[in-house]
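Protein chains in written order, with full-length UniProt numbering: chain G, 1 to 251; chain Z, 1 to 251; chain U, 1 to 251; chain F, 1 to 251.
It should be emphasised that the hints constitute simulated quantities derived from the structure, not laboratory data.
The beta-carbon is built from N, C-alpha and C at its ideal position, and this holds for glycine as well.
You may find that some hints are simply not true.
Unchecked claim - Some chain Z residues close to chain G (C-beta under 10 Å, calculated; not the full set):
no. : residue
1   : Thr176
2   : Asp206
3   : Glu211
4 protein chains.
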Amino acid sequence: MQNSTLKPARKERLADTVYGQILDEITAGRFTSGDKLPSEAELSHSFAVSRPVVREALLRLTTDGLIQSRRGIGTFVSTRPSSRLTELAKTSELSSYLRSFEPRIVLEVEAARLAAQRRTRADLDRAHAAIEALRVAIASGQRGQEQDIEFHDAVARAAGNEYFCDLLNDLRQPVTETMNIGLELARERSPGRRLRIIEEHTRILDAIAAEDSDAAASYMKYHLMQARAAVLDARHLENSQALDIAPRARG
Amino acid sequence: MQNSTLKPARKERLADTVYGQILDEITAGRFTSGDKLPSEAELSHSFAVSRPVVREALLRLTTDGLIQSRRGIGTFVSTRPSSRLTELAKTSELSSYLRSFEPRIVLEVEAARLAAQRRTRADLDRAHAAIEALRVAIASGQRGQEQDIEFHDAVARAAGNEYFCDLLNDLRQPVTETMNIGLELARERSPGRRLRIIEEHTRILDAIAAEDSDAAASYMKYHLMQARAAVLDARHLENSQALDIAPRARG
Amino acid sequence: MQNSTLKPARKERLADTVYGQILDEITAGRFTSGDKLPSEAELSHSFAVSRPVVREALLRLTTDGLIQSRRGIGTFVSTRPSSRLTELAKTSELSSYLRSFEPRIVLEVEAARLAAQRRTRADLDRAHAAIEALRVAIASGQRGQEQDIEFHDAVARAAGNEYFCDLLNDLRQPVTETMNIGLELARERSPGRRLRIIEEHTRILDAIAAEDSDAAASYMKYHLMQARAAVLDARHLENSQALDIAPRARG
Amino acid sequence: MQNSTLKPARKERLADTVYGQILDEITAGRFTSGDKLPSEAELSHSFAVSRPVVREALLRLTTDGLIQSRRGIGTFVSTRPSSRLTELAKTSELSSYLRSFEPRIVLEVEAARLAAQRRTRADLDRAHAAIEALRVAIASGQRGQEQDIEFHDAVARAAGNEYFCDLLNDLRQPVTETMNIGLELARERSPGRRLRIIEEHTRILDAIAAEDSDAAASYMKYHLMQARAAVLDARHLENSQALDIAPRARG
Chain G
1 MQNSTLKPAR
11 KERLADTVYG
21 QILDEITAGR
31 FTSGDKLPSE
41 AELSHSFAVS
51 RPVVREALLR
61 LTTDGLIQSR
71 RGIGTFVSTR
81 PSSRLTELAK
91 TSELSSYLRS
101 FEPRIVLEVE
111 AARLAAQRRT
121 RADLDRAHAA
131 IEALRVAIAS
141 GQRGQEQDIE
151 FHDAVARAAG
161 NEYFCDLLND
171 LRQPVTETMN
181 IGLELARERS
191 PGRRLRIIEE
201 HTRILDAIAA
211 EDSDAAASYM
221 KYHLMQARAA
231 VLDARHLENS
241 QALDIAPRAR
251 G
Chain Z
1 MQNSTLKPAR
11 KERLADTVYG
21 QILDEITAGR
31 FTSGDKLPSE
41 AELSHSFAVS
51 RPVVREALLR
61 LTTDGLIQSR
71 RGIGTFVSTR
81 PSSRLTELAK
91 TSELSSYLRS
101 FEPRIVLEVE
111 AARLAAQRRT
121 RADLDRAHAA
131 IEALRVAIAS
141 GQRGQEQDIE
151 FHDAVARAAG
161 NEYFCDLLND
171 LRQPVTETMN
181 IGLELARERS
191 PGRRLRIIEE
201 HTRILDAIAA
211 EDSDAAASYM
221 KYHLMQARAA
231 VLDARHLENS
241 QALDIAPRAR
251 G
Chain U
1 MQNSTLKPAR
11 KERLADTVYG
21 QILDEITAGR
31 FTSGDKLPSE
41 AELSHSFAVS
51 RPVVREALLR
61 LTTDGLIQSR
71 RGIGTFVSTR
81 PSSRLTELAK
91 TSELSSYLRS
101 FEPRIVLEVE
111 AARLAAQRRT
121 RADLDRAHAA
131 IEALRVAIAS
141 GQRGQEQDIE
151 FHDAVARAAG
161 NEYFCDLLND
171 LRQPVTETMN
181 IGLELARERS
191 PGRRLRIIEE
201 HTRILDAIAA
211 EDSDAAASYM
221 KYHLMQARAA
231 VLDARHLENS
241 QALDIAPRAR
251 G
Chain F
1 MQNSTLKPAR
11 KERLADTVYG
21 QILDEITAGR
31 FTSGDKLPSE
41 AELSHSFAVS
51 RPVVREALLR
61 LTTDGLIQSR
71 RGIGTFVSTR
81 PSSRLTELAK
91 TSELSSYLRS
101 FEPRIVLEVE
111 AARLAAQRRT
121 RADLDRAHAA
131 IEALRVAIAS
141 GQRGQEQDIE
151 FHDAVARAAG
161 NEYFCDLLND
171 LRQPVTETMN
181 IGLELARERS
191 PGRRLRIIEE
201 HTRILDAIAA
211 EDSDAAASYM
221 KYHLMQARAA
231 VLDARHLENS
241 QALDIAPRAR
251 G
């Protein structure tokens, strides 16, 4: 495989652009939650791209929880992300950044599983120090992305297989971008989400320390799924009505 | 289920008893967090059982996060469960109840995965009604275990395969016992844990509604791992120091 | 959950019947490989059942690899099972039998994973004896289903958790039915498939003996997927053109 | 990938060397199947390395199925790989090559799962052409590693996420090395193993074509586990006594 494969195919890049354009409409409130989106044919016409490109963009928006299709009825907006999102990232690049979670999740989950079997005392100390530094950073109002990355590096290193470190290093750029967005949105919001970030990391480390592979893998998976959801605020319930103790009506 | 197979072998039952005896010592504070346990030989002598029985009991206490062994040094108590635990259940039966989580987790995780692919509108409504009823029950100071069971039944039914319902039905007794303990301990504590219970159920249902199999499976797994941990309060961080925003020293 | 839940709902039972009727047509050669099936509306009319029932039956036939739908074109027969199948089982019950693989696979895969961690010498001996007995049975022209069941019981027992044995016992009837069909079809065919059955069991046991949880789980999963496929001879490549060393055209 | 992270730590490299030295002894027949290995202390003395380095090397030999430890008794040789192995690769590098399977398996298994959901007609055609080319290559006595790589690339591409292609590209060197060894050993042996290689690839592709994510993932995992085992001929039963239909004694 040559360098050429490092770039996504043209269709994929066009779909990223269309994804960004629809996301802009949603973020700006021109398509709002519950709204029916225009048909594939209409979107293909408006954005001047082929229907397979539109279909690909819609598929990704669905995967990311921003829209939902109901068979035979149409496609609807399900979430409106923070308006800050468009300031924190180019919407045309978000789709690509989010796609990096697919390989990242399987790599980090496996690294956590192996770390629970192979970690040394030094590995645990390093990961623990990273969490403490993250706690301090967050408490003092910083994003803490360096400390967050340091924790994930410590886990990868504890897996005792240098390939995990190398491969995650190759994903460094999209990982850093999504981490910045997620941590920044958390920083600006309720202390609840910030506490959760510390808690999720601690739980992973505790499972690794207890040599519980299955728990380490599950908690890492949960953490990364939350991290992905946090970027778009989609299907991310921490401050949703789910937390009201009072009964609520379902939309 | 034939009766003959319902009883664990003699060694297993003895190990359950020894498990309960050690747990009693921990809960009563005679062995406390950080304490080194007596050796296998000493425990075998005190409890008048063979060493394989002691080893089996220690293995389960380790799996349940109550003790931790450090190679070449010894075995240490890692958590002290609520003293209420011994009032809520016979400690000699707790090991068996907790063991039911092993098959329960794989069955319910698969049911959630399939439910995301096959659920009907009626399935979603039933599960949603169960969560709302659980919210009301918890808000009015009840345990809510009927509503909790109703939710899990609704997910199993949404899997579109009657075997899941039948098999979970066969696990009804230990599931009810552990649910009672976990919900009762949550009821007596901070509202935080109670809110989490609602949130965890909502997240599973949202993933099923969104037809996201992988998320539904992961969130169900996370929920059941938390439920298991809640019974013993072990490795259960919700109200641990992990949530202090201030730096802490690690033991 | 009451006894009533032990029976599938009426829609499910009707779907099983329609599944059996379509399967009869395929087995009898009235619908053959590559043929387009009548539309949902036509099938609903012919079998005098509602369209959701037809849809459910088609969904299961697809899951079982007997038919395949191509978006916007129609549904096509993909495999013709052995004509012996209709002699070995009532086609109206096959769908239910096959459905038992869904919980069975997750339970036995988890049992194999735990067995690799907890098996005693006696467990290994019992499982090994079962494989040797299966080898003898097959070599002397018998089906060997008792020996096959004995092996799977031995693995469940080695998991050190009596609930696995109990739950698999509850699945005994559909497991025995599908095992009989699969082993009988293997018995009547090339020695290749019979050798594979021995090999698949041996591989699982070797992984359990080597305390390799991940391999034990993967090999059990592979074995049960092959067992399910063997019942219908669908997507079951052992004697397909895939084994011709010469290039072939794809249909 | 930054160069600094490409190199394993010093301890890891030393462990690779010791792994290679012990493997040399086994391949040359100086330690044979069933033999007890010298103790950690003795090995540490013979190879003039620290005991943690010896322990790490033994751990990897165990993971790779070459040796087996029995608690309290000692460590035993379990398999003697082909003597051709030492001609095909430097034994000091084998450990590192084999380690690449850990991230490779999770990446390719996830790629296969996603490919079953997203593959286009062109993806299927490309993967099918690769299998046909592999069949021709093998039939004419070649190794076929280019065609084998082409198949795996086609699956990664079908996952519709360019990161999978990029990351697997980063693993290209160890993947090519292990593939060469496995295919060369298969080429020199019975046609059975060569047929299996074609069959395993076909089964993956059939599951992807049938949009069966779970089967695609399982078959890919099985295939890669077989591929890893094939390098060392360890726990690789294809031509073992397991295939004799006659009863055998267990060692």
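Identify whether the interface hint at Asp206(Z) stands, where standing means a beta carbon of chain G within less than 10 Å of its own.
Holds: closest Cβ of chain G sits about 6 Å from Asp206(Z), inside 10 Å.
Is the hint on Glu211(Z) kept, meaning its closest Cβ partner in chain G is under 10 Å away?
This hint holds: Glu211(Z) lies near chain G, its Cβ roughly 9 Å from the closest one there, short of 10 Å.
Would you settle whether the hint for Thr176(Z) is holds or violated, based on the nearest Cβ-Cβ distance to chain G being less than 10 Å?
This interface hint is violated because 24 Å lies over the 10 Å limit.
The structure fails hint 1 only (numbered hints given earlier).
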